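Please work from the sequences and hints to get the whole structure.
Chains A and B, in that order, are what the protein sequence lines are.
Residue numbering for the first sequence follows my numbering, starting at 1 and increasing by one per position.
Residue numbering for the second sequence follows my numbering, starting at 1001 and increasing by one per position.
Derived by calculation from the structure, the hints in this document are not laboratory data.
Keep in mind that this is a model prediction, so the values were computed, not measured.
No residue lacks a Cβ here, since even glycine has one placed at the ideal position from N, Cα and C.
Every clue listed holds true.
Within a straight-line C-alpha distance of at most 27 angstroms, the following computed DSS-like cross-link-like pairs (lysine-lysine) qualify:
| # | chain 1 | residue 1 | chain 2 | residue 2 |
| --- | --- | --- | --- | --- |
| 1 | B | K1361 | A | K380 |
| 2 | A | K361 | B | K1380 |
| 3 | B | K1361 | B | K1097 |
| 4 | B | K1462 | B | K1115 |
| 5 | A | K361 | B | K1361 |
| 6 | B | K1290 | A | K290 |
| 7 | B | K1488 | B | K1186 |
| 8 | A | K380 | A | K361 |
| 9 | B | K1467 | B | K1274 |
| 10 | A | K12 | B | K1012 |
Over the 10 angstroms line for every Cβ pair with chain A, so calculated as not near, a few chain B residues:
| # | residue |
| --- | --- |
| 11 | I1127 |
| 12 | V1158 |
| 13 | V1258 |
| 14 | D1459 |
Number of protein chains: 2
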Amino acid sequence: MKHRIMDIIQEKPWLGWTIFLGTIVVVFLIGLLAASIMERRGEADLLVQVEPIADWEPRNEVWGENYPREFETYRQTADTSFLSKHGGNGTIDYLEKYPNLVVLWAGYAFSRDYKQGRGHYHAVDDIRETLRTGVPMPGTCWTCKSTDVPRVMNERGVGEFYRDTWTNLGAEIVNNIGCQDCHDPKTMNLRITRPALIEAFERRGKDINLATHQEMRSLVCAQCHVEYYFKGKEEKYLTFPWDEGFSAEDMETYYDEVEHVDFVHALSRAPIIKAQHPDYELYMTGVHAKRGVSCADCHMPYRSEGGVKFTNHTITSPLATVSTSCQTCHRESEENLIRDVYERQDKIEEMRMRTEDALAKAHMEAKFAWDKGAGEEEMKPVLQLIRQAQWRWDWVAAANGLGFHSPVEAGRTLGAAIEKANQARTLLVRVLARHGFTDPIPLADISTKRKAQAYIGLDMEKNRSAKQEFLSTVVPKWDKDAAARESKY
Amino acid sequence: MKHRIMDIIQEKPWLGWTIFLGTIVVVFLIGLLAASIMERRGEADLLVQVEPIADWEPRNEVWGENYPREFETYRQTADTSFLSKHGGNGTIDYLEKYPNLVVLWAGYAFSRDYKQGRGHYHAVDDIRETLRTGVPMPGTCWTCKSTDVPRVMNERGVGEFYRDTWTNLGAEIVNNIGCQDCHDPKTMNLRITRPALIEAFERRGKDINLATHQEMRSLVCAQCHVEYYFKGKEEKYLTFPWDEGFSAEDMETYYDEVEHVDFVHALSRAPIIKAQHPDYELYMTGVHAKRGVSCADCHMPYRSEGGVKFTNHTITSPLATVSTSCQTCHRESEENLIRDVYERQDKIEEMRMRTEDALAKAHMEAKFAWDKGAGEEEMKPVLQLIRQAQWRWDWVAAANGLGFHSPVEAGRTLGAAIEKANQARTLLVRVLARHGFTDPIPLADISTKRKAQAYIGLDMEKNRSAKQEFLSTVVPKWDKDAAARESKY
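Here's what the structure looks like:
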């Protein structure tokens, strides 16, 4: 046979070259085939649903039957042990850790209770249990807590949802933040279910339907991880203050124009804007956003299991998943990368501490000035500076990630906060001097949460027992009604 | 002939396979050869000197005969037109641009004249011409200006060099910063010629001889681009305050321990530390240093010309050489990269402006307090805060790069400066109130350099004519003596 081939080659020498070149081409194609075999099947190939998901299905476990990997990783947001490795357990008591906060929020429910956020899986439990809730609150407060929200909004109308009371809606809202919030149940495409984001885009002259898939991988998060307020005394219409832009100054311009005040401070009487969690806005000023890295790229990195590539739905700090979150771009050791994050956060925290210290003192000193007979007119510039400082501080402090989403912008904003808080204190010394007081202003001991809460006059026993009453009477009724409703699905 | 080969193959079939595999091996080797031919010859291969360079040769043009590419690029530091594209022309008058600086430096020569640094090629001209020089100054002031320094230090001894007067040494120091400062004339290896850096390493228990080549590509710059002071009233011994570390706080600890004061402020009487240009220290806190990127990687990127790869000695902003400086690592458009740098710098500049404004006012208000009869004791904490604030501000402001070398650390440090400058102002209001003054403190108009210099009592006409006198009498004599000396080389 060998000899037979050689005979042919001898007769037709061009044939030898053809075989030679042909071999090269075939080997190349075999390589392509091998790559194709080894390639992981993407999520998109797995769309066949065991059982079709109903349009407004709020139950994450029902979606989970079709998408077990996404659901299992989502369910792991129940576990807060990662957070304990990194300085928390998902329930750090921030008021205990930073007692100045109690004073900063005197006159507002945050002074009673403010803990580290736990995972999405705990959203409903956490809002029920915090000492901040149970008091009269609008339906709007449920907006970001549950997959039931799109369903109820669809049934009743968006405006009606916001306008209702939080207590009235309690029995409707029982499923934690999950699948329905971000996905179309038929196509699994990302979709925006919360009107406030769509409306904010519209007011900026933008059509959110034109967002790319990569943009959507941040925008679904921006439905909730943003700054917002409740517009209208009755309407309580959830609104993002984005009309002027995303920076602390831009949003302040908006709030000043609409004369928005979240609360009048109980000590200083400053008209305070309480920041929510402007994660998306701060992130947008940082380098990751500039490079087209989405929220999901870091917080929901791709994984593979059994040859299937899927998105990790255990949404938490990317420090829990450095190898898939960071190291896909940053070829540095995990140790180095974590240290780099901590270094930035430590610097921002130092600036936060400077601001919180000055702000807490400014509030207390302002109260002292009022007590000494200071007048409205002379206090006006003081209160304005306190409002500006506290807003800038909160714009950084309330956002997740301790400033890491954009450390230079966080520092710049805190720099302005430090200036304004201290300028307020300078003015206060002059106000007091004019009322005959030139000694150092005596300040209360607010070195612990307990002392600070006592100083601002909170009756924590009463708050706690009211919450117990609420949890043992109202909540069980909600759960019973919800179970009855869901049994009919 | 074709048929003859086929005959042989038919007789010895293994020969066909040998030719086939042999061809593959040969083609591979030809590939290696081609790569070797196309490879650029490195600088190290070009060590044969046309004429050997003498041990302490200060003249850059003599070195340049052997290393024309390095010399030509070095000589281009004469051209400051790049700087003009990026907001300067190499001679921005900072006092004109930021008149607050005049007040910050009242009582110190920087209040007379402070311009943007030009390239290394202008070092000697610039120090001769600035209005800051001509007054009694120690020899130490020449240390970083010239390739003549290692020669004169070798001839006279280091301590003698520092102790001499600046005017006495003028005829010796005529060649601009250049080759001798960083290179061994025989091997062209990088070497440290300035004792202060070696001594600072020793005091930190480190041997600079163990530095890697990559570390040396920053350390040769750190001979001068650092914070330093002149130790000893007579000795004026050039010393880096690195014993406690590199941060503003670490160096302040050192300075406080040795009770160092650069000048007592003419208005506030605060004991000020004047920062030099802690470029290396700020850079060491940033991510480029953490990733092992040296000064030279960005400021002296590799180039090739005529197949020879060499280091670009046109040391200036890397924004002039984005493609070789930045884009070797950062695969982003030049436009994006430059915008990213400017964004960081703008944020840091905003914080600088806040600090400069507060500091200038604090100095003027302190003077007002002294004038109103304030006492030493009550002013002590005020002056301490001003010292701390101004040092932190200057640690960032005096460094090149507008904070870009480490934006988060620059922001953190400025945050502390903003706090302390404003705290000083708060105390001053109370001091004044105790002396019966509770109005807003009247401040002079310092909105231009001219107004600010008049306010602090500078006779600029006198300064300028003294400088003209110096340039037309002393300097020509220096040059004549130097030419006579060099003609004997």
